[in-house]
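*Asks:* Protein chains in written order, with the numbering used here: chain A, 1 to 204; chain B, 1 to 259.
Don't read these hints as lab results, they were simulated from the structure.
Owing to the predicted nature of the structure, the values given are computational and were not obtained by experimental measurement.
Be aware that one or more of the hints could be misleading.
To be verified - For lysine-lysine, the following DSSO-like pairs were computed, each having C-alpha atoms within a straight-line distance of at most 27 Å:
no., chain 1, residue 1, chain 2, residue 2
1, A, Lys-20, B, Lys-182
2, B, Lys-133, A, Lys-30
3, B, Lys-182, B, Lys-84
4, B, Lys-133, B, Lys-90
5, B, Lys-153, B, Lys-84
6, B, Lys-237, B, Lys-153
7, A, Lys-20, A, Lys-88
8, B, Lys-90, B, Lys-37
9, B, Lys-37, A, Lys-20
10, A, Lys-40, A, Lys-30
11, A, Lys-30, A, Lys-20
12, B, Lys-90, A, Lys-20
Stated by the list, open to error - Part of the chain B face toward chain A, derived, beta carbon under 8 Å:
no., residue
13, Met-1
14, Arg-3
15, Arg-5
16, Asp-24
17, Lys-27
18, Asp-31
19, Pro-76
20, Ser-124
21, Gly-168
22, Thr-197
23, Pro-199
24, Asp-251
25, Leu-252
26, Ile-253
As the list claims (entries may be wrong) - Far from chain B, some chain A residues (derived; all Cβ distances over 10 Å):
no., residue
27, Asn-17
28, Lys-40
29, Gln-64
30, Val-81
31, Gly-99
32, Pro-113
33, Glu-116
34, Leu-119
35, Gly-123
36, Asn-125
37, Asp-126
38, Pro-134
39, Phe-136
40, Phe-147
Glycine residues also receive a C-beta, built at the ideal position from the N, C-alpha and C atoms.
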Amino acid sequence: MITIIDYGIGNLQAFLNVYKRLNIDATVAKESADLRGATKVILPGVGHFDHAMQQLNETGMREQLDDLVLEQKVPVLGVCVGMQMLAKASDEGASPGLGWIDGRVRGFSSWEPAGELPLPHMGWNDVRPVADSPLFDQLEDDARFYFLHSFFFECGSDANVLAVAQYGADFSCAVHADNIYGVQFHPEKSHHFGTRLLQNFAEL
Amino acid sequence: MLRPRITPCLLIKNGGLVKTVRFDQPKYVGDPVNAVKIFNEKEADELIVLDIDATAEEREPNFRLIAQIAVECRMPMCYGGGVKTVEQAKRISGLGVEKIAISSAVIENPSLVSQTAQEIGAQSVVVVLDVKKRTAGGQYEVFTHNGRRGTGKTPMQIAQEMQAGGAGEIVVNSIENDGVMKGYDLSLATTMRAATTLPMTVLGGAGSLADIGKLIAACGVIGAAAGSLFVFKGAYKAVLINYPTQSQKEDLIRSAVMQ
C-alpha cells in the first residue's frame, strides 16, 4: 500500500490519480493511525519550507514517520518541497528539516551559476541519472520532468545524488540514501515519464 | 535544457468552453473537462484555464468546476478568474491546482501578491496582464474586467511591481491579438521579457506553430500560450482540439533556437 502523507500541503489528488490508473493501491494518511500498514510512503509538498515543516510537525506523524523510515526502512519518496524536507536545513527558512539525507537546501538566487536566469526555475527540463537506480528503470534517455521551484537540494556527499538537471549548471534533482528517495520535479504532473517513475517507486 | 512551454489556454463561460475574438464574440467550443482529457492524451506542457466572466460579473470562482477540471488534469495547471482573496487562492490550491492567476485584484491591491505568496508559495502566484494600446501607435496599457476597464499603467510598470511583490510568473495577454490568429505581438513580448526576470508566458495571436517558433526565437525560454490554435482547425474554424506531437515540438524549438 502506497501511503501519501496529507499535511495540508501539496497535490495529493494527482498522486492518487496516477496510482488509480496504474491499478496500484494508494491511500492518504492524515494522522499516525493512518500510517499503519504503509509499505511505501510519499511525502509531497509545495510552498515555503518552514510552513511545510510546521504543518507536518502539527499532524503528530513525525515520530511514527521516523520509525517507519529509519527503523523499519520503509521506502519513502519526497517530492518538491517534500524532497527538500529530507535535508537537515534550508536557506529558505529557520526550521530544521527531517535530516534523513545529509544535505542543505540552497536558493538559486544566491547560486552563482544560475546568474540572471529567471526564477523560479519553471517548466520541463531534462533529468540525467548519474547513478544506477530502479527509480529510473525503463525511462527514456530524453526523459524530462516538470519543475517549479527556487530552491534545490545540495547533498553533503555526491554518493547521495541520483540525478541532475541543468539550470546554469548541474544541480541535484534526485537524491537517495538507502530506502529514502527525493525528487525535486513533479512526477505526478510529468505525463508518462512521471507515471513510469511513480510505478518504479511502487515496485521497489 | 529547460524548454520553452507550449500551453493551451482554455476560456470558461457559463461552465462551457468558449473562444473569443479580441475579448468579444465568445463562441461555444465544447466541454472543458473533455478538452482537458484530450490534452492529457496529447501530453501538453501545461494548461491555463481562465474563467472570463467571474470578475466582470463580480462573482466567486466556480470551485466545483475547478475541482472537476483539476481532478482530470494530468499536467500542471494554472487557474484564473475571479480570484480576489488569499482564502480563495488557498482553496483553489487545495483542489490540486499548481498555479493561481490573479489579475484585477492584485492590480488594485499589489500587497495581495505577497500575502498570497506567503500562503501558497511565490512559485504558485501568477499575474495575468491583459494589454492593449489605448490609441493606435500609443503606449501599452493594462486593462481589467474583460478589457473594459483601463488601469492607466503600462504592463512593464505592473510586471516590475509584481516581481518586487513576490509573484512567480507573468502572463501577458494581448487583447488586440486575441483570437485573431495572425501571430503574437512580438514587440510587446520582447519589451516585457526585458522588463522582468520572472518566468513569462505570452498569450494572444498564435495562428500556427510557426508563430510559436517566432516567439521562441525572439524571447528564448518562454511560455507560448494559445487558445484558438489548439481548439480550431482550418480556415472555417471547425472545432477540433489539437496539440503538436513531441517531435513537432522538438523540431519547432530546435529551429527557433537556431534562428
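*Asks:* If a hint holds in the structure, say so; if it doesn't, say that too.
*Replies:* Status of each hint after checking the structure:
At roughly 42 Å between alpha-carbon atoms, Lys-20 (chain A) and Lys-182 (chain B) are farther apart than 27 Å, so this suggested pair is violated. Among the hinted pairs, Lys-133 (chain B) with Lys-30 (chain A) is inconsistent with the structure: their alpha-carbon atoms are about 51 Å apart, more than 27 Å. Pair hint Lys-182 (chain B) plus Lys-84 (chain B) does not hold up; C-alpha atoms about 33 Å apart against a cutoff of 27 Å. Using a Cα cut-off of 27 Å, the hinted pair Lys-133 (chain B) and Lys-90 (chain B) is violated, with the two alpha carbons roughly 34 Å apart.
The suggested pairing of Lys-153 (chain B) with Lys-84 (chain B) holds, with an alpha-carbon distance near 20 Å, which does not exceed 27 Å. At roughly 35 Å between alpha-carbon atoms, Lys-237 (chain B) and Lys-153 (chain B) are farther apart than 27 Å, so this suggested pair is violated. Only pairs whose Cα atoms come within 27 Å are accepted, and Lys-20 (chain A) paired with Lys-88 (chain A) is rejected, the gap being roughly 33 Å. Note on Lys-90 (chain B) and Lys-37 (chain B): the hinted pairing holds, with a Cα-Cα distance of about 25 Å set against a maximum of 27 Å.
Restraint check for Lys-37 (chain B) and Lys-20 (chain A): satisfied, since their Cα atoms lie roughly 16 Å apart, inside the 27 Å limit. Note on Lys-40 (chain A) and Lys-30 (chain A): the hinted pairing holds, with a Cα-Cα distance of about 15 Å set against a maximum of 27 Å. Our distance criterion of 27 Å between C-alpha atoms is met by Lys-30 (chain A) and Lys-20 (chain A), whose separation comes to about 19 Å. Among the hinted pairs, Lys-90 (chain B) with Lys-20 (chain A) is consistent with the structure: their alpha-carbon atoms are about 26 Å apart, no more than 27 Å.
Hint status for Met-1 (chain B): holds, given a least beta-carbon distance of 6 Å to chain A, under 8 Å. Using the Cβ-Cβ criterion of 8 Å, the hint placing Arg-3 (chain B) at the interface with chain A is satisfied: the shortest such distance is roughly 5 Å. Annotation: interface hint on Arg-5 (chain B) holds; nearest CB of chain A at approximately 5 Å, less than 8 Å. A hinted interface residue such as Asp-24 (chain B) counts as satisfied when its beta carbon comes closer than 8 Å to some beta carbon of chain A; here the least separation is about 32 Å, so the hint is violated.
The beta carbon of Lys-27 (chain B) is not positioned within 8 Å of any beta carbon in chain A (closest approach about 29 Å), and the interface hint is therefore violated. A least Cβ separation of about 19 Å between Asp-31 (chain B) and chain A goes past the 8 Å threshold, and the interface hint is therefore violated. Residue-level restraint check for Pro-76 (chain B) holds (minimum Cβ-Cβ distance to chain A is 5 Å; threshold 8 Å). At about 7 Å, the closest approach between the beta carbon of Ser-124 (chain B) and any beta carbon in chain A falls short of 8 Å, and the interface hint on this residue holds.
A hinted interface residue such as Gly-168 (chain B) counts as satisfied when its beta carbon comes closer than 8 Å to some beta carbon of chain A; here the least separation is about 6 Å, so the hint holds. Hint on Thr-197 (chain B) holds. Least Cβ distance to chain A is approximately 5 Å, under the 8 Å limit. Annotation: interface hint on Pro-199 (chain B) holds; nearest CB of chain A at approximately 5 Å, less than 8 Å. Because the beta carbon of Asp-251 (chain B) sits about 14 Å from the nearest beta carbon in chain A, more than 8 Å, this interface hint is broken.
Look at Leu-252 (chain B): its Cβ only gets to about 14 Å from chain A, farther than 8 Å, so that hint breaks. About 11 Å separates the beta-carbon of Ile-253 (chain B) from the nearest beta-carbon of chain A, more than 8 Å, and the hint is not met. Remark: the non-interface label on Asn-17 (chain A) conflicts with the geometry, its nearest Cβ contact in chain B lying 7 Å away (cut-off 10 Å). The Cβ of Lys-40 (chain A) sits about 21 Å from the closest Cβ of chain B, beyond the 10 Å cut-off, so the non-interface label holds.
Every CB of chain B is more than 10 Å from the CB of Gln-64 (chain A) (nearest about 24 Å), matching its label as outside the interface. A Cβ of chain B approaches the Cβ of Val-81 (chain A) within 10 Å, the least distance being about 8 Å, so the stated non-interface status is violated. Its beta-carbon lying about 22 Å from the closest one in chain B, Gly-99 (chain A) satisfies the requirement of being farther than 10 Å from that chain. No Cβ of chain B approaches the Cβ of Pro-113 (chain A) within 10 Å, the least distance being about 13 Å, so the stated non-interface status holds.
A Cβ of chain B approaches the Cβ of Glu-116 (chain A) within 10 Å, the least distance being about 7 Å, so the stated non-interface status is violated. A Cβ of chain B approaches the Cβ of Leu-119 (chain A) within 10 Å, the least distance being about 7 Å, so the stated non-interface status is violated. With a least beta-carbon separation of about 5 Å from chain B, Gly-123 (chain A) fails to lie farther than 10 Å from that chain, contradicting its non-interface assignment. Listed as a non-interface residue, Asn-125 (chain A) fails to keep its Cβ farther than 10 Å from every Cβ of chain B; the least gap is roughly 5 Å.
Not every beta carbon of chain B lies more than 10 Å from that of Asp-126 (chain A), the smallest distance being close to 6 Å; the non-interface claim is violated. With a cut of 10 Å on Cβ distances, Pro-134 (chain A) stays outside the contact zone with chain B, its closest approach being about 23 Å. Every beta carbon of chain B lies more than 10 Å from that of Phe-136 (chain A), the smallest distance being close to 19 Å; the non-interface claim holds. For Phe-147 (chain A), the requirement that its beta carbon stay farther than 10 Å from each beta carbon of chain B is not met, with the minimum near 8 Å.
In terms of the numbered hints stated before, the structure departs from hints 1, 2, 3, 4, 6, 7, 16, 17, 18, 24, 25, 26, 27, 30, 33, 34, 35, 36, 37 and 40, listed from lowest to highest.
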